[in-house]
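Colleague: Listed below, chain by chain, are the residues.
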Amino acid sequence: MQPLEMSAVDLVAALRQGDITAVESATVFLDRIEATNGSINAFLAVDREGALARAADIDARRKAGKPVGPLAGLPVALKDVLCTSDMPTTCASKMLEGFRPPYDADVVARLRRADAVFLGKTNMDEFAMGGSNENSAFGPVRNPWDLSRTPGGSSGGSAACVAGDMAPVAIGSDTGGSIRQPAGLCGITGLKPTYGRVSRRGLIAFASSLDQIGPMARSAADCALIMETIAGHDPGDSTSLAVDVPRYTDLLDRPLAGVRIGRVPEHFAAGLDPEVAKGVEEAFAVLMAAGATVHDVQLPHAKYGIPTYYLVAPCEASSNLARYDGAHYGHRCKDLGQRTAGHTGGFESPLVEMYCRSRAEGFGPEVKRRIMLGTYALSAGYYEAYYAKALRVRRLIRQDYLDAFQTVDLIGGPVSATPAFKLGEKTDDPLAMYLVDLYTVGTNLAGVGGISFPCGFTKSGLPIGFQLQAPPLAEPLLLQAADRFQRLTDWHRRRPQAVGVAKT
Amino acid sequence: MSTTAPYTTIIGLEVHVQLMTRTKLFCGCSTKFGGAPNTQVCPTCLGLPGSLPVMNRRAFDLALRAALALECTIAPFTKWDRKNYFYPDLPKGYQISQFDLPFSSDGFLEVVDPKGAFEPCRVGIVRVHLEEDAGKSMHDEAAGTGDTRIDLNRAGTPLCEIVTQPDLRSPQDARAWLNELKLLLVYLGVSDCNMQEGSLRVDANVNLHIPQPDGRIAKTPIVEIKNMNSFRSVERALTYEAARQWEDWQATKAEMGKTPKQTRGWDDPAGITRAQRHKEESSDYRYFPEPDLVPVTVSQQQIASIRGEMGEPPVSLRKTLAAKWNIPAYDADVLVNQGRELVDYFEDLATRVGEGKVASNWMQQDVLRILNETNGTVSDFTVRPEGLADLIGRIKKGDFDTSRAREIFAEMVTSGRPVDNVVAGMGIAAVSDDDVISLCRELLAANPKIVADVKSGKEQAAAGLIGQAKKKNANVNPGKVRAVCIDLIRGME
Ligand SMILES: [Zn+2]
Chain A
-2 MQPLEMSAVD LVAALRQGDI TAVESATVFL DRIEATNGSI NAFLAVDREG ALARAADIDA
58 RRKAGKPVGP LAGLPVALKD VLCTSDMPTT CASKMLEGFR PPYDADVVAR LRRADAVFLG
118 KTNMDEFAMG GSNENSAFGP VRNPWDLSRT PGGSSGGSAA CVAGDMAPVA IGSDTGGSIR
178 QPAGLCGITG LKPTYGRVSR RGLIAFASSL DQIGPMARSA ADCALIMETI AGHDPGDSTS
238 LAVDVPRYTD LLDRPLAGVR IGRVPEHFAA GLDPEVAKGV EEAFAVLMAA GATVHDVQLP
298 HAKYGIPTYY LVAPCEASSN LARYDGAHYG HRCKDLGQRT AGHTGGFESP LVEMYCRSRA
358 EGFGPEVKRR IMLGTYALSA GYYEAYYAKA LRVRRLIRQD YLDAFQTVDL IGGPVSATPA
418 FKLGEKTDDP LAMYLVDLYT VGTNLAGVGG ISFPCGFTKS GLPIGFQLQA PPLAEPLLLQ
478 AADRFQRLTD WHRRRPQAVG VAKT
Chain B
791 MSTTAPYTTI IGLEVHVQLM TRTKLFCGCS TKFGGAPNTQ VCPTCLGLPG SLPVMNRRAF
851 DLALRAALAL ECTIAPFTKW DRKNYFYPDL PKGYQISQFD LPFSSDGFLE VVDPKGAFEP
911 CRVGIVRVHL EEDAGKSMHD EAAGTGDTRI DLNRAGTPLC EIVTQPDLRS PQDARAWLNE
971 LKLLLVYLGV SDCNMQEGSL RVDANVNLHI PQPDGRIAKT PIVEIKNMNS FRSVERALTY
1031 EAARQWEDWQ ATKAEMGKTP KQTRGWDDPA GITRAQRHKE ESSDYRYFPE PDLVPVTVSQ
1091 QQIASIRGEM GEPPVSLRKT LAAKWNIPAY DADVLVNQGR ELVDYFEDLA TRVGEGKVAS
1151 NWMQQDVLRI LNETNGTVSD FTVRPEGLAD LIGRIKKGDF DTSRAREIFA EMVTSGRPVD
1211 NVVAGMGIAA VSDDDVISLC RELLAANPKI VADVKSGKEQ AAAGLIGQAK KKNANVNPGK
1271 VRAVCIDLIR GME
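Chains as they are written, first to last, in my numbering: chain A, -2 to 501; chain B, 791 to 1283.
Some hints could be false.
Subject to a maximum C-alpha distance of 25 Å in a straight line, what follows is the list of computed DSS-like cross-link-like pairs (lysine-lysine) [what the hints assert, rightly or not]:
#1 A:Lys365 - A:Lys423
#2 A:Lys386 - B:Lys873
#3 A:Lys423 - A:Lys300
#4 B:Lys1114 - B:Lys1186
#5 A:Lys275 - A:Lys300
#6 B:Lys869 - A:Lys386
#7 A:Lys365 - B:Lys873
#8 B:Lys1016 - B:Lys972
#9 A:Lys331 - A:Lys423
Pairwise CB distance ranges (calculated) [as the list claims (entries may be wrong)]:
#10 A:Arg13 - B:Ser1089: 46 to 54 Å
#11 A:Arg110 - B:Gln1090: 40 to 48 Å
#12 A:Arg110 - B:Glu1176: 55 to 63 Å
#13 A:Asp241 - B:Tyr875: 36 to 44 Å
#14 B:Glu1045 - A:Ser346: 31 to 39 Å
By construction, these hints were calculated from the structure, which means they are not laboratory data. C-beta: ideal position from N, C-alpha, C; glycine also.
Extracted from the complex, chain B is given alone in its bound form:
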């Protein structure tokens, strides 16, 4: 937060995450992304007459997991409500959501920067509730007819809506907090949080608190920003919007309450927010309890069993790693921020190496660097912890120095071969010249045809000997075998 600005930026977020269920919230249709339009649908998610919803318990349990990790209070009794509005991507004319009795409320999530670039920032969670997603409308502008095409594959996909308190004080904090939230949800296996595929969406509410000369705090009208498709966009949009509101305040002195809450859309290429049509926020959704579903009760045993399967959240995992492996908080932070799989890789490596800091250094300087360069993931990474531990062990043994080891490591990554093999292939475990000569003599004696071919000028025939040589001694250098053989054949003339 800037201490020089003449105002405080007040930010609250509304985050929608798609839960990682195989099937939709109220029917058995697949939630897989990218299917041909309207192929993952049934009477229920098409809203056909007579169709009924049945709750997906798995979705509810995943949402519970998220709420518990966000330190929310879980309601022992929760119900579903209908949110009524007309839109073509909402085939029933209502969305099944939760209104006055969400399944959880009143939690928080804290984000701490190990480098101390910003103050620890604890953001209150107003509520977490479950709801179904709508379909997708695609306006066919190109055809020039103004036609709208509807894809209902997404309709009925389970969404968890997380609403924060207006506790964030800067666009940078908002971005950092979102990163932490995403990390948590991915750790929990609640969502893949893929913004490109729409499995995480963020709306932000922002206004300014401006101290007045008389000591009063003037508050600018709250603006809800939509259409932000990356955390970077969130930060940019909030920065833009705070500046816009400041200018607007200076020009109009308009305060909250005197004008209705406004919705503005973020235009990423233009880098500005634009006012959206007014009527959308003045809708009356006529919420009422969904009569087609029964209320859900949650017992302490269910909560305990969900807690049992949750795993350690990032915030405590950072501390655990730092303490257990005696690595700096910064290292633990970097490792944890890369996700559960990388942490597992690191712990496996550290166990084998026996020294956390050495393992961490290799993770930070080599593994992560290569993953970043290749845009790869640790699960696809060719060198497994045992291979890397082997390499590090050889350094300790004095077989080679670290810079040589880096070359070996790079070769291990590209070839997928183990240390020994790479070391041998690189000619590192040298075979003596005498050994090579006696090996070549053996080969020539066994291959008179190749000898004849080379004699008649076809030197390429010597290539047939190299494979055989490698079989006899994997460490031989192929180029050397070839040269020696040709020399020996020439010497026969």
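So that you can see chain A by itself, here it is in the shape it has in the complex:
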């Protein structure tokens, strides 16, 4: 088997056994990226030189009998929201174009210590705000299953590069569904861990209380492998959980017998695409055949998920993004003060002019929209009606989940209401775009974990995603259930035709 087709687990084993070198493996993926990124636009930066040097170093150490990390030689793509000291980090924004952080994100440092090989930085919605990857300042990502369609977002580049065989594994971030929804639309597996399971240090913040980093790969087993490296307590992130990291890969192969899976009837109400509904129902059947039982559960406040999310997230974002002001780093307007003396061009001071014009030029329209939403909702006189109320509803939503998990072990359902939609289809309708997060925001608001994996295809050949959500820190069960499903199905093994199947 060639590296392009191998699972991350198999590739790590092949590297360990010497069946393939890290340089060979990196080269194959780098060549694949070179051949296909032009049509997919999954990568914003590719570090061929760095990756090959790193791979050569790992090969040399292995050859010399020196210790190597658990992921030695495994190529990994990083969403461009993660700080990397050796590659630019832009958040797909003009605001940070060319920005190079002086430090690695905790996740990046952990992967480096595990001897993963970074291929490059993946495209995304600007500052992780969006569900279609069309909000990137550097062009949309195309879905490898149909180049006229979106890969989803905001981790669209990470999803598309795995689906398009440009990387066996990618790291994404999920604030309202940004790992699970693109994983669903691209036919791959993506895990959004429990809030605090993976350190956020070095993850450029969108909404701090919702953001969580997770793995995106072809299978649950591959996600389990990556979680063993990236999860864990970080004293540098106050919200990181000081809880031991289980050996996720050892906990996969357990029967599902007796596992109770909840099904939320409202998930199947109007708006759900019939083909998606069918795929999801069939997935429930597979899980039942594996021994799980399915029960209806209620999430009474789920209907407030989208409005709650679109208050909490923009409020935090409006503050998190205040630092991009042109004063210290990032984009600064180039022609400040180019006016006749005595005229400030309507700005009350040169400082205010720098702020306004740098931010007006540096941020894209969706980012500006959310900054304005959040600024408004936090303003004196509106705080109680919007932000404070959203926090109260958020607590109710979390309580819904905790209550439901008294009677079931997992909650299953669709990831998104429709398969991948056409590029441009929703760009003029922000509210329609916000609804793509309908089934995913609850997980983030509740701070629990969720996984998305393929459970079928539409007649036109687009992947359909299935989502499982679990109580806090129940990642082993999420991975176990998804892995069991993948042992019984082969949806996750299908490769897209659009950009050519990997040659054997």
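Start from chain A and add chain B with the ligand according to the hints.
Modeller: Frame of chain A, contents of chain B with the ligand only:
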């Protein structure tokens, strides 16, 4: 407070003190003052993308100590909030502070004058909270370009904000109260309260209550005064501002509520306050809970352990000292106001001397006088309590009188030598003439070369004998040894 003024001055203070931590509030950078610009910074205090804060527990504990000493109620649960505003010295675009759930509230600090120059003045504390400092903007006026330079060394330094009730009634009271607050915080080891280095900053809110003929009290608009860089400036600024408001009232009859709260800056050289731009006080800071930090809980055990390490605050230490050493309240006040180290010195001295009042007199009349003259601190003071106790003991023994002792003391201070040595050096323990002559004879016999040199006219060669003489008898007077030796050599001719 003046009883003749036709109004009452109402003053409340907002004091920011920098906590004495080695590192900043949310990162590991040094808080040391005076470093080259932007050398004590990291991704967190630079506000770089992806950076996160982690609370410095030491800072929190110091702030707790201050709040407990100010008799505040400690909240069992407190959280952090973001105060959002744009400014170049605030790299994140928000300051991490505490808004609606400060860690402590509702305390007081009383100041009493032992001489009775003013009434005891008890000032309520509305709240004490913790927050991070901003950096420093330096407007480069000299370059003529209007450039602003930013130094972020200070950004993230822990600050304790202490907000008082409007309980002060005169600029003099405000100054006295600030002195007491500073003394307390220094005693607690919470802050060095160095205003020059910005580790203590004061803003004052002031207005006038003016009784009207109909019995109503008219209140002038509250003015917040900023930019006062010493307690003396605070007193002057408040005095000026009260007078200004009185004039303004007489001219306009403008009352509180009809105009927004005004901010005025104190111009120390000019001795006046000036109105500052309006927009700064109309900002909406959009406070909301800081999602990057977890709430802090404080247990009774933690409070007990902080209390345990607090030491005695000045207010009770004054009473303790007066009672324990039987010294007047005035003496105890002077001693305590000089700080913990001086009190320790005094207690050590008093223990050795056995008489508090004698020790106190020496402290007040001699030690403090010299410290003031030399601008020194007691920790650097050359005469330690055992040396001074020794001197005082010798007075009691009748070795010399107090005025002679003062001379000896002055010499001890400058030379750093003990009493005996100084006494000897001053020729006080006299060596008899016979002893000097026989000593010189010995020296001359042992040093024929020096004798020859002096004979040949080089009298300075005799200096070589003095060191040897001092070794044989430390009490000999060097000038006398020299004269005797030269006389004896001349006598040999
Ligand atoms: Zn720092």
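Colleague: Confirm or reject each hint.
Modeller: Do the hints match the structure? See the list:
no., hint, in the structure
1, A:Lys365 - A:Lys423, "holds, 18 Å"
2, A:Lys386 - B:Lys873, "holds, 20 Å"
3, A:Lys423 - A:Lys300, "holds, 21 Å"
4, B:Lys1114 - B:Lys1186, "holds, 22 Å"
5, A:Lys275 - A:Lys300, "holds, 22 Å"
6, B:Lys869 - A:Lys386, "holds, 18 Å"
7, A:Lys365 - B:Lys873, "holds, 20 Å"
8, B:Lys1016 - B:Lys972, "holds, 18 Å"
9, A:Lys331 - A:Lys423, "violated, 33 Å"
10, A:Arg13 - B:Ser1089: 46 to 54 Å, "holds, 49 Å"
11, A:Arg110 - B:Gln1090: 40 to 48 Å, "holds, 42 Å"
12, A:Arg110 - B:Glu1176: 55 to 63 Å, "holds, 58 Å"
13, A:Asp241 - B:Tyr875: 36 to 44 Å, "holds, 41 Å"
14, B:Glu1045 - A:Ser346: 31 to 39 Å, "holds, 33 Å"
Violated hint for the displayed structure: number 9, the only one.
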